[in-house]
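Given chain V, put chain Z in place with the hints provided.
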Amino acid sequence: MKKQISNLSLNRVEGEVELKLQKDKSGVIEDAFITAHNFRGFEYILKGKELLDALVITPRICGICGHSHLTATVNAMENLYRENGFNIEITQKVKMIRQLTQCSEIIQNHIKWFYLFVMPDFLKLDSSEKYVEYRPFTGKYWKNALNISSDIVKIIAILGGQWPHTSYSLPGGITSDPLKTDLVEALSIVDSTLKFVESNIIGMDVESYLSITDYREFMNKTSGGSLKDFIELSFKNGMEKIGKSYGHFITVSNVYPCIQEAVIKKKRCKFNIKKVKELKESSSYSIVQPVRYDGLPMETGPLARRLTSNTELFVNLNSVFSDSYLVRVWARVDEIVRILVNMKDWILKINLSEKSYIKPKDYKLLSGESFGLTEAARGSLIHKIEVYKGKILDYNIITPTIWNLGPRCKNFKGVAEKAIIGLDSDLKAQMVLRSFDVCSVCLVH
Amino acid sequence: MESLEIRRKSLIWISGLTCNGNSHSFLSSTSLSFNTFLNSVNILFHPALTYDREFKDIYEDILEGRLKFDFLVVEGAVSKEKGKVYFQGFDVYEILENLKNVAEYIIAVGNCASFGNFPALYSEDVVGLNFRFDQKSGFFDVGFTTKSGMPVINVSGCPAHPEWIIKTILSLSYGYNLKLDSLQRPKDFYMYLTHDGCTRNQYFEWKVEAEEFGTKEGCLFYYLGCRGPLTHSTCNKILWNDKSSKTRAGMPCIGCTEFDFPLRSKYFETKLNIGIPEEVPLGVSKRAYIMLSGVAKTFTNHRLKGKLEEADQ
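If you're matching them up, the sequences are chains V and Z in order.
Heads up: the first sequence at position 145 corresponds to 145 in the numbering used here, and the numbers run straight through without jumps.
Heads up: the second sequence at position 234 corresponds to 234 in the numbering used here, and the numbers run straight through without jumps.
Only chain V is shown next, with the shape it has when bound in the complex:
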């Protein structure tokens, strides 16, 4: 048999991405190349625009994590005010509401991704009737997942007008001034989503789940549900052994109390924005520039967040199964629980008598550079702006997908590329790629 090349165009991912696999004579993948098409030129479009126009433009980079782009933009602008020596006051009410709506978007993403993109892959490996409810279009679990993911974004609509693509958050606050009954409605949505998670995903109450420290304990305690199905299917297909990458993790911002910023190389250390570099190297197959931290490739996203936050369950899972497909997918499902359980608390902390918006000084007084950091569904998101008298000179965006799916540099292969090498099946290569929650529209924006 000769060496083979497979070119796979992926569906059930965000956007258009191609995976080129180079295999040896026995069919084992020797090398993998990830290519994304459909460049739209957002960073170029932003050049020369009025600073506040970015509030409308950057969410439109991505239809599934637009709110995170909005937050990154707002953070960059508010930091620019501070860089320019202006005091910018954000009330606790605004902080809570912004976090609540952004996290609603993250939960929407994870539920959709798990049921629409991840579970259908297993239907190709196991066609038994046991999993019939996961089938797209007809399966009960598939339909329920879509319903619940469209329920959770109602919180964004109630507080921010609509989802996708609101720009209700802006320097100084938010545009809305919610009623008490709006908060009650948001609470009901969180409650019903929690019930869904307990009965359909984890098969136990949330408190029990959060006390679990290893996978056997989970399997013993759960009364069944999609996470159990997923774990069983993973073990049956050896998914706990594959999909491992460098074991370097990055989280650039905090979401109190469930996400802590940090970098894990050999040891855990503090994140320092100065160590983030987009390399000028270009590769023959990708228009994306690789990004490195201290010269190293890094994985970002829910698995990184669990490890940088020192969550015991994942520290243990990582020490047994390392950064395999099983652990990476589980971390993304787990994040639904860890965020959701805090949302109720955030809502109850909102003091409606505080101001929604405190008008800052005219943005035309602003010049200089600043960063906006935040956590999106797929991981850490960095916006960097350069402004002169309120006009954008330069806008640079490093999306989570650039960390995870970006190309190789002369020293290292990309994070997802490395995770695919050594596999012997096209389907498993696609599954490992999907475990990073592919978003090519963020990869090439």
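None of these hints come from the bench; they were simulated from the model.
Every value quoted in this text rests on a predicted model; they were computed, and no experiment measured them.
For each residue, glycine too, the CB sits at the ideal point set by N, CA and C.
Honestly, I wouldn't trust all of these hints.
Within a straight-line C-alpha distance of at most 30 angstroms, the following computed DSSO-like cross-link-like pairs (lysine-lysine) qualify [stated by the list, open to error]: (1) V:Lys-266 x V:Lys-277; (2) Z:Lys-237 x V:Lys-355; (3) V:Lys-20 x Z:Lys-84; (4) Z:Lys-84 x V:Lys-49; (5) V:Lys-140 x Z:Lys-80; (6) V:Lys-418 x Z:Lys-84; (7) Z:Lys-84 x V:Lys-410; (8) V:Lys-47 x V:Lys-359; (9) V:Lys-47 x Z:Lys-80; (10) V:Lys-359 x Z:Lys-80; (11) V:Lys-25 x V:Lys-277; (12) Z:Lys-68 x V:Lys-143; (13) Z:Lys-56 x V:Lys-140; (14) V:Lys-355 x Z:Lys-271; (15) V:Lys-266 x V:Lys-49; (16) V:Lys-49 x Z:Lys-80; (17) Z:Lys-187 x Z:Lys-9; (18) V:Lys-95 x Z:Lys-307.
DEER-style ranges, computed between Cβ atoms [claimed, not checked]: (19) Z:Met-191 x V:Tyr-285: 21 to 31 angstroms; (20) Z:Lys-266 x V:Tyr-246: 42 to 52 angstroms; (21) Z:Leu-32 x V:Lys-265: 49 to 59 angstroms; (22) V:Arg-268 x Z:Asn-201: 53 to 63 angstroms.
Then chain Z, alone, in the frame of chain V:
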């Protein structure tokens, strides 16, 4: 009596230069609408949903004449040049050329597919299906119609509202003849203005203006850039996510259903000329607007003067 028979129609959804926001809008529709849609329309391919067949196989079946379908839904801008925009490994240019005479209807979903939108700002060759902004220089020739005799139907918006997408397709599948406006958008949705049904309407009528964000009170038109009276949509008639709208949440309408959405700037302030908005509500002259608002301003609506919660009328 073929036309009266409600056959389950079939649909293929492809994407070009897009953020996928229209797909996610579509997937965020209410369960009632979405389930009705799934029962009425057979989705042969959607890049986020289909798992059992590859696009290349479905595409081949169509090209070989083995498979017929009704709706071609296009999300995202496209290029007038070959080899620029890809979908599932195929050049979108070729997909459109090959399918344009096969589909009964072609539906451009969202502002990118309708008018080119932000991606068209980056490159001259990037267009919507029939338009590039307001110019009829889109991908298809002027006068192009599909097998049904209809031109490309634009369901504009950034993103398009899920109910606009779903009800446009369902109306056509029930055999209703949809009346379109000059930008080829269904009148059922785009003959209304965003302003219609806004909870701040009384403030507009009595000229009580919001000067800052973050309040329940005040109209956003005069100072804060709201395009509600100038934008065609049913955002305040068919609410977003079944709950609200931008203007209800205090965010000005940014006119995202119109061709000039990406061409404008300063979305959060109203351009005034000697104290008068440079653009006045659609359908009235500047003179009429000035006179009417002058009259309204001479009276005080006491209910609307302070905080609504404090008003006792």
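These are the hints, each one checked on the structure:
1. Taking the CA atoms of Lys-266 (chain V) and Lys-277 (chain V), the gap is about 19 angstroms. The hint holds against a cut of 30 angstroms.
2. Taken as a hint, the Lys-237 (chain Z) and Lys-355 (chain V) pair is honoured in the structure, with Cα atoms around 29 angstroms apart against an allowance of 30 angstroms.
3. For the hint pairing Lys-20 (chain V) with Lys-84 (chain Z), the CA-to-CA distance comes to about 19 angstroms; that is within 30 angstroms, so the pair holds.
4. Taking the CA atoms of Lys-84 (chain Z) and Lys-49 (chain V), the gap is near 26 angstroms; set against the 30 angstroms cutoff, the hint holds.
5. With a C-alpha separation of about 42 angstroms, the suggested pair Lys-140 (chain V) and Lys-80 (chain Z) falls outside the 30 angstroms cut-off, and the hint is violated.
6. Of the pairs offered as hints, the one joining Lys-418 (chain V) and Lys-84 (chain Z) holds, with about 28 angstroms between alpha carbons and a cut-off of 30 angstroms not exceeded.
7. As the CA atoms of Lys-84 (chain Z) and Lys-410 (chain V) are separated by approximately 28 angstroms, the hinted pair is consistent with the 30 angstroms bound.
8. Between Lys-47 (chain V) and Lys-359 (chain V) the alpha-carbon distance is near 25 angstroms, which keeps this suggested pair within the 30 angstroms criterion.
9. Restraint check for Lys-47 (chain V) and Lys-80 (chain Z): the C-alpha separation of about 25 angstroms stays at or below 30 angstroms, so the hint holds.
10. With a C-alpha separation of about 45 angstroms, the suggested pairing of Lys-359 (chain V) with Lys-80 (chain Z) is violated against the 30 angstroms cut-off.
11. At roughly 38 angstroms between alpha-carbon atoms, Lys-25 (chain V) and Lys-277 (chain V) are farther apart than 30 angstroms, so this suggested pair is violated.
12. Distance check on the hinted pair: Lys-68 (chain Z) and Lys-143 (chain V) sit about 27 angstroms apart at the alpha-carbon level, within 30 angstroms; holds.
13. Distance check on the hinted pair: Lys-56 (chain Z) and Lys-140 (chain V) sit about 28 angstroms apart at the alpha-carbon level, within 30 angstroms; holds.
14. In summary, the hint linking Lys-355 (chain V) to Lys-271 (chain Z) is supported, as the alpha carbons are separated by about 26 angstroms, within the 30 angstroms threshold.
15. Pair hint Lys-266 (chain V) plus Lys-49 (chain V) does not hold up; C-alpha atoms about 42 angstroms apart against a cutoff of 30 angstroms.
16. Between Lys-49 (chain V) and Lys-80 (chain Z), the direct Cα distance comes to roughly 26 angstroms. Compliance with the 30 angstroms bound is thereby established for this hinted pair.
17. A C-alpha spacing of about 23 angstroms is found between Lys-187 (chain Z) and Lys-9 (chain Z), which places the hinted pair at or below 30 angstroms, so the restraint holds.
18. The straight-line distance between the Cα atoms of Lys-95 (chain V) and Lys-307 (chain Z) is roughly 23 angstroms, inside the 30 angstroms bound, and the hint therefore holds.
19. Our hint of 21 to 31 angstroms for Met-191 (chain Z) and Tyr-285 (chain V) is violated, since their Cβ atoms are close to 49 angstroms apart.
20. Distance hint check: the CB atoms of Lys-266 (chain Z) and Tyr-246 (chain V) are about 45 angstroms apart, consistent with the given range 42 to 52 angstroms.
21. Checked against the hint of 49 to 59 angstroms, the pair Leu-32 (chain Z) and Lys-265 (chain V) passes, with Cβ atoms roughly 50 angstroms apart.
22. Separation of Arg-268 (chain V) from Asn-201 (chain Z) is about 55 angstroms and conforms to the stated range, judged on CB atoms against 53 to 63 angstroms.
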